[in-house]
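**Q** Residue numbers (the working numbering), protein chains in the order written: chain G, 436 to 555; chain S, 2 to 262; chain R, -9 to 335.
Honestly, the hints are just simulated from the structure, not real lab data.
Think of the CB as a built atom: it goes at the ideal place given N, C-alpha and C, for glycine as much as any other residue.
There is no bait here: all hints are sound.
A partial selection of chain S residues facing chain G, derived with a Cβ cut-off under 8 Å:
1. F17
2. L151
3. P152
Okay, here's what each chain looks like letter by letter:
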Amino acid sequence: MPSEQELQIQISPIVQESLVHNSRTLYNLQSITASLFGVSAGILGLESYAGFVFYVALSLLTSVLFYVLRVAPTSLASGKSPLDTSRYFRGAYDFWAGGLMNGFAGFVLTWTLFYGLVTA
Amino acid sequence: MAQVPVQTIHRDPQLFYWILFPITIVMILTGVLRHYATVLMASAPKKQDQKTTREQRSLLHGINVRGNYHVLSKPSLTTRRDALITAYESGAYLKNPDGRGQPPPNPMSDPSAMEGMMGMMKNQMAMIIPNTLIMSWINAFFSGYVIMKLPFPLTIKFKSMLQAGVATRDMDPRWMSSISWYFLCIFGLQSVFNFLLGSENAASQMAQQMNQMGPQGAGQMFGPGVDPNKQFLAEAENLAVIEHHSVLDGVEQRLLAGIKV
Amino acid sequence: MAPPILNSPIQLSPAAALALSQQAPAFLRSSPSTVSSSPLGTLFSGPEKSEQWLQYENLIVSCLRTGDDQAAHQCLQRLVVRFGDDNERVQAIRGLVKEAEAQGNGALEEVLNEYNQILNENDANIPIAKRRVALLRSMGRLSDAASALVQLLDFSPTDAEAWSELSDIYLSQGLYPQAIYAMEEVLVLAPNAWNVCSPTKAPNLSPMLMHPSQIHARLGELQYMAATAPGVANGLYQKYMAEAVKRFSRSIELCDDYLRGYYDLKLVSKRLLNDGTKATRPTDDSEFALPDTKTIERLNELATAKLSEIVRRSAASDRGWRGYNEAEIAATRELLADDASAIKR
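Based on the sequences and whatever the hints tell you, model everything.
**A** So this is what it looks like as structure tokens:
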């Protein structure tokens, strides 16, 4: 007999295409917002830790906004607990912290570029 | 510790127009070009004759049955399983049933295998050639310029990387030369390509690395040098050990418990 | 939700198909007539999208349905320009256009001969093989169609579409066990897709496209039909009915406002209650047993309650309750009315 978890997946299957679509949407959002954060950090002229804190705070804010605006209405209605994204995404870690990893390179690039342009 | 005075270097603003922007624009254009080059070079999927298709899809069929047996009732699973196992073991689906037990042909001598490798080579080339070209271009034209200051401090270890070609011992490692801007671009332009070319573009190297991992699994399955007969026998064994259960077991109770009108 | 032009046109009502095909001239005007395959050209005209070609395909089908042959030919022309004459899918679409324009059986025979010729040259040309099956079927040669399909499935056993078509052909021949087998095969290949089903509604147009309906429910319907066919032994009857109940329950479990699933469940549970046959334990432990009478009653109540809710809400066209098929709603109303009058008596 399969384990409890396998049985659960067989009973309520995960549609692979939707999952891929969801994570791709999230990824696009993350990389574009990260670049924009880089632009604003550069224009504000933030340096060293201030810039990184700015980035971390804003990308967490993006995740929260994404959750509140897009995920929460249907997710809470279907009886999930608050901050539970399992209706649309597989891992909670990917949703909340994945943006930090995905967008980091883009952030550094645009930050450096605009910092250089503005303070030159 | 005494506060180290902030280094300031007066740079010609023309540096931006003649170094920074050209590098960035060239990087972006190369990415776009690489995307289209890969699209053009992608060889059309090769036509397979009926027997090859049959061999591969029969195996896939078995895998599907094994993966999704839980939607079937027990009698229907048993009939399918018995039929598949018999056919697999007798080699009924093989492309050439006479060739059973012989060692698989050398992948190097098989033309279809060579083609697969050529495809991979082409992709690798599309990655490597532009990168080396651009790097030597930058080295030839722009080496030795300090163009920008990073907005965050770095340790001294990064100095040799960021200031390649600038032999100044006391300069703050935050200053970067043109070649390090190139490296930043390689990693950071991902999102720009995402924006320009759609998310499935071939320009982004990350995606390409992912791709290389993905289809390799599928490619390996029917790849050269794999004996289909052995695959069939292994699959027959896998099918034989299935212990049946069904999603239909107790579905009425689940339904009555779960749905509120 | 994708725009209507991206969905398979088979599921459209005649009116919607007409509306779609009337968009054809505008669509043809708005998209560039030739797509240059040079990289420079695509740089300026924007990336070519794969949906675009799907749109052409769907447009062709809608246009043929509504008799706008000229627009269909234009679309076909563009597909040929892009993919070349030898592309298997383009060949199949050209065949479809020819079939639709053929006058009388002689012309159809000619198209069939063409298909045979193409298949002689390349016997792994699956789109053409499927068109051939569809043509044979629409010419009324059911057993030929079935054997051609079986041949196709022998070398391509992972084709869910073909299996579902085979199931449909067997069903129309009254071969229930075979139809059930083929439908089970669809389920194994696409256990989570709920939109693969054979398009009984549109026999003349590309029957290989899909119709939205859950496979579980469809399979249950097949079981139900097999059970209620005349001359079925009691043991077999119970086995089929038991699985039908389970399939319908499963289809509702997967999609909890699926009208057809509830309708089927209601139908089958009502019949079981009317029969009043005692559920005998199956001789073999491996087979599904009918649930006890109490469970059936509760299932019946559940289905009745949900059905009346759907009928009520969709009549009031509440938000989120639209989109049910008119005909299905009407049938449901009839079933419920039937039920109510039976109670009064």
